[in-house]
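Participant: Here is what each chain is made of, one letter per residue.
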Amino acid sequence: MRTDGYGHANKIVPLLKKLIFPVCVLVIYAVFFIFSPARASVAFRSSMGILLNIVVPLSLVFTLMVFMNLFLTPAHIVKFLGKGSGARGIVLSAAAGIISMGPIYAWYPLLKELQGKGATNSFIAVFLGNRAVKPFLLPIMISHFGGMYVVLLTLFTIAGSLAVGYLVNILVKD
Amino acid sequence: MQSPDQNLQSDWGFSCLIETPAKNILFETGARGSILLDNMRKSSINPSIVDAVFISHRHWDHTGGISDFLKLNPTTVFIPYSCPEPPGAAKTIKDFLVKIFISANGSTTDASVGQRFGLSPYFIIVNPQTMEFEAVPNSGADGKRAAGMQAVVLAISKEVDLVLTGYCSPTAMKYLTDNGIEVITGVKGTVSAAVAQYSNQIHPTTIHSMVKPDGTGAVLIHAFKSTGKQFANLLPVFVGVILLMGLFNSFISKELLSSIFSGSTLLDTLWGAGFGSIFAGNPINSYVIGGELLVYGVSLFAVTAFIISWVTVGLVQLPAEIAALGKNFALVRNALSFITSIAIAILTVATYNLIVGCGQ
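For the record, the sequence lines run as chains A and B. The opening position of the first sequence corresponds to residue 1 in this note's numbering, with each subsequent residue numbered one higher. The opening position of the second sequence corresponds to residue 1001 in this note's numbering, with each subsequent residue numbered one higher.
A couple of the hints might just be wrong.
To be verified - Covered, in the sense of this in silico footprint (three residues per stretch, anywhere, with C-beta under 8 Å from a C-beta of chain A), are these stretches of chain B: (1) 1048 to 1056; (2) 1072 to 1080; (3) 1239 to 1245; (4) 1290 to 1302; (5) 1319 to 1325; (6) 1334 to 1343; (7) 1348 to 1355.
Claimed, not checked - Under the rule of at most 30 Å between Cα atoms (straight-line distance), these lysine-lysine pairs were calculated in the DSS-like manner: (8) LYS1158/B x LYS17/A; (9) LYS1225/B x LYS173/A; (10) LYS112/A x LYS1099/B; (11) LYS17/A x LYS1023/B; (12) LYS112/A x LYS1158/B; (13) LYS1158/B x LYS18/A; (14) LYS1225/B x LYS1327/B; (15) LYS112/A x LYS1225/B; (16) LYS112/A x LYS1327/B; (17) LYS112/A x LYS1229/B; (18) LYS1229/B x LYS18/A; (19) LYS1225/B x LYS17/A.
Claimed, not checked - Covered stretches of chain A, as calculated for chain B (at least 3 residues, CB under 8 Å): (20) 53 to 63; (21) 88 to 101; (22) 119 to 126; (23) 149 to 156.
For the record, the hints were derived by calculation from the structure and aren't laboratory data. Virtual Cβ for every residue (Gly too), placed ideally from N, Cα, C.
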């Protein structure tokens, strides 16, 4: 735990960790610019093209995220998860997975707590499977793959997560 | 206790009369005073026989009838700390069954009160009458996302009545107060001093007033700030991925890719699922990479398996999942998710091709 004794987290280390990847890519760019400047500039133009294509869907994503932050929080979502039994519990777990945001590691403590409180393994598996359905990222997905594909993928992902939940229930003892 | 009568009005909420040899206690008051009083009349219960009213929590369907009842019988009311004092009560008693949730910099009541609600290393849950306490380490203290909300969830799940802390975001405060938990900010000193201070009201001026959630404006600004932070968090890796895809487009030949992705549906899908399982992070990156792979001629089967397994299978975070949810669960779930990602990819793309084929 990195805190300064007053409960303030040290933010520098996580920031440096996040920067490792882009800095490494920039170093590779620098090397290519030195040894193969023509192809490196093609690469850079290609990156800018990708970025331009994504600007509009990305701003839609931002708007959707603001709304989700406004109306949905983990406090709401955990109320769904682990509540009810049978079909109702599964539907609520799937819904919780779909509307959950943020990296998975932020969710582990909550899931652990729910598991301790009796949320079944299959509900947690259904929740984790449905995290692949990201309503707020749909604009980006549609811009890359088209609406029909996204609808089908979403339906099959939900069905797949239910299958995983069912099998986890059989294979893992609560 | 009165037995239910067919003529009673039904409504959302709860209220009952507990008759004991010593006292008659009205337990909860339902949602509406008119219905409560009408049902009492139909049950031949004179409000004046009630010696005390007991409210378990501040939800509207338990407290709605209290004002009308107290107009007829201004008696003693027992309420949790989270309830505002009902007007008209002869006496209001709050000193019962209270749990105080305090952000703290240590695991004992001698520790200082944590000044940031979500980021304090511990939460101490104290019964102010007995000073019995439970110290819960804050798993969100490292400042990762949703630390404040994890603390909110913990406070709600522990069914506390009151939160004492230095600072609490408007959003966290809104969800605490919406769940009937009182929040007092600006609290300093040790945990035990804070409990004593609040319980005895020795220096009420040093404690902020019963804080109500901030207005919609503050919550909206906070939502914007949270989203901005989430965007800022994903930006470095996102920019890295976009730059990398540029390099990929420029330097990786189609021949190299086709040596990996041979064109066999099953094998390509397997490769896609494999790559997706290794990588992790925001799925937005998987869409960008997947989109570029498609341009490069990699099959939609492989790209779909890649996108699904990116989120559902996590080799990188497997140790964290094992630690949180158990080895058996984590291994079985990841293995099943890997297989399912291949099945999802094949079903999705096959159906897509079928529909698109029919449409042409």
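Participant: All the hints need checking, so say for each whether the structure fits it.
Facilitator: Comparing the hints with the structure gives:
Coverage of the segment 1048 to 1056 of chain B by chain A is violated in this model, with 0 residues showing a Cβ closer than 8 Å to a Cβ of that chain against a need of three. With 0 residues having a beta carbon nearer than 8 Å to a beta carbon of chain A, the segment 1072 to 1080 of chain B misses the requirement of three or more and the stated coverage is violated. Counting residues of the segment 1239 to 1245 of chain B whose CB lies closer than 8 Å to any CB of chain A gives 6, which reaches the minimum of 3, so the coverage claim holds. For the segment 1290 to 1302 of chain B, the proposed coverage by chain A is satisfied: 5 residues have a C-beta within less than 8 Å of a C-beta in that chain, meeting the threshold of three.
With 5 residues carrying a beta carbon less than 8 Å from a beta carbon of chain A, the segment 1319 to 1325 of chain B meets the three-residue requirement, and the given coverage holds. Under a criterion of three residues with beta carbons nearer than 8 Å to beta carbons of chain A, the stated coverage of the segment 1334 to 1343 of chain B is upheld, 5 such residues being counted. Judged by the Cβ-Cβ criterion of 8 Å, the segment 1348 to 1355 of chain B is covered by chain A as claimed, because 4 of its residues qualify and three suffice. A hinted pair counts as satisfied when its Cα atoms are at most 30 Å apart, and LYS1158/B with LYS17/A does not qualify at roughly 34 Å.
Between LYS1225/B and LYS173/A the alpha-carbon distance is near 42 Å, which puts this suggested pair outside the 30 Å criterion. Proposed proximity of LYS112/A and LYS1099/B is supported: the alpha carbons are some 23 Å apart, at most 30 Å. Of the supplied pair hints, the one linking LYS17/A and LYS1023/B is violated, its CA atoms being roughly 65 Å apart against a limit of 30 Å. With a CA separation close to 15 Å, the supplied pair LYS112/A and LYS1158/B stays within the 30 Å bound.
A distance of roughly 34 Å separates the Cα atoms of LYS1158/B and LYS18/A; the hinted pair therefore is violated under the 30 Å criterion. This hinted pair does not check out: LYS1225/B and LYS1327/B have alpha carbons roughly 37 Å apart, beyond 30 Å. Simply put, LYS112/A and LYS1225/B have alpha-carbon atoms about 28 Å apart, close enough for the 30 Å limit, and the pair holds. Proposed proximity of LYS112/A and LYS1327/B is supported: the alpha carbons are some 13 Å apart, at most 30 Å.
With a C-alpha separation of about 25 Å, the suggested pair LYS112/A and LYS1229/B falls inside the 30 Å cut-off, and the hint holds. In summary, the hint linking LYS1229/B to LYS18/A is supported, as the alpha carbons are separated by about 14 Å, within the 30 Å threshold. Note on LYS1225/B and LYS17/A: the hinted pairing holds, with a Cα-Cα distance of about 22 Å set against a maximum of 30 Å. Requiring three or more residues with a Cβ within less than 8 Å of a Cβ of chain B, the coverage given for the segment 53 to 63 of chain A holds, as 3 such residues are present.
For the segment 88 to 101 of chain A, the stated coverage by chain B is violated: 1 residues have a C-beta nearer than 8 Å to a C-beta of that chain, whereas at least 3 were required. Counting residues of the segment 119 to 126 of chain A whose C-beta sits closer than 8 Å to any C-beta of chain B gives 3, which meets the bar of three, so the coverage hint holds. For a cut-off of 8 Å, the count of residues in the segment 149 to 156 of chain A with a CB near a CB of chain B stands at 4, and the three-residue condition holds.
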